[in-house]
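Enquirer: Sequence:
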Amino acid sequence: MRTVRARSRDRRRADMLAVNLIVMLQASEGRTKELHDSLRTLREASLLEPGCLDYRIAQGRRSPHRFFLLERWADAQALSRHERTQHFLDGVARVQACCDCVDVQPILWLLE
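All residue numbers for the sequence shown refer to the numbering used here, where the first residue is 1 and numbers rise by one.
Rather than coming from a laboratory, the hints here were simulated on the basis of the structure.
Note that the Cβ used here is the ideal one computed from N, Cα and C, for glycine as well.
Misleading hints may appear alongside valid ones.
[As the list claims (entries may be wrong)] Here are the computed distance ranges between Cβ atoms for each label pair: (1) 40 - 104: 27 to 33 angstroms; (2) 56 - 85: 16 to 22 angstroms; (3) 81 - 30: 30 to 36 angstroms; (4) 84 - 62: 32 to 38 angstroms; (5) 62 - 31: 14 to 20 angstroms; (6) 30 - 84: 29 to 35 angstroms; (7) 100 - 16: 22 to 28 angstroms; (8) 57 - 81: 29 to 35 angstroms; (9) 107 - 26: 14 to 20 angstroms; (10) 34 - 61: 17 to 23 angstroms; (11) 108 - 33: 21 to 27 angstroms; (12) 109 - 83: 17 to 23 angstroms; (13) 77 - 109: 18 to 24 angstroms; (14) 97 - 61: 33 to 39 angstroms.
Generate coordinates for the entire structure from the input sequences, incorporating the hints supplied.
Expert: Now the structure itself:
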């Protein structure tokens with residue numbers, strides 16, 4: 001049986017390898033619903049990938065044309081595989097067609 005300390009060490013190691021992204025997207029005028037639908041489709045397919053640990057979509061309360069993605073991938077290889085999938089390539093094309101701005105920020109969590 002593994003000790004609590006060993007499990008904690010394994011989790012820290014996994015957290016160090018994980019890739020976390022926050023993506024901010026701003027829908028073009030009149031294309032908020034189209035962007036929302038495209039993001040949902042992309043999320044559903046991405047969550048089926050083995051390396052996808054989390055994929056969340058948020059919408060701004062004061063700016064409903066603004067969306068935020070929180071993506072968590074097991075490691076850089078999982079993200080790289082994701083970026084080569086057909087659903088990602090198709091999804092990016094759909095998203096870019098209805099966005100004024102897309103800002104992808106790799107992040108490091110300071111506290112969890």
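Enquirer: Each hint should be assessed against the structure and marked as holding or not.
Expert: These are the hints, each one checked on the structure:
| no. | hint | verdict |
| --- | --- | --- |
| 1 | 40 - 104: 27 to 33 angstroms | violated, 19 angstroms |
| 2 | 56 - 85: 16 to 22 angstroms | holds, 19 angstroms |
| 3 | 81 - 30: 30 to 36 angstroms | holds, 35 angstroms |
| 4 | 84 - 62: 32 to 38 angstroms | holds, 36 angstroms |
| 5 | 62 - 31: 14 to 20 angstroms | holds, 19 angstroms |
| 6 | 30 - 84: 29 to 35 angstroms | holds, 32 angstroms |
| 7 | 100 - 16: 22 to 28 angstroms | violated, 35 angstroms |
| 8 | 57 - 81: 29 to 35 angstroms | violated, 21 angstroms |
| 9 | 107 - 26: 14 to 20 angstroms | holds, 19 angstroms |
| 10 | 34 - 61: 17 to 23 angstroms | holds, 20 angstroms |
| 11 | 108 - 33: 21 to 27 angstroms | violated, 33 angstroms |
| 12 | 109 - 83: 17 to 23 angstroms | holds, 21 angstroms |
| 13 | 77 - 109: 18 to 24 angstroms | holds, 20 angstroms |
| 14 | 97 - 61: 33 to 39 angstroms | violated, 25 angstroms |
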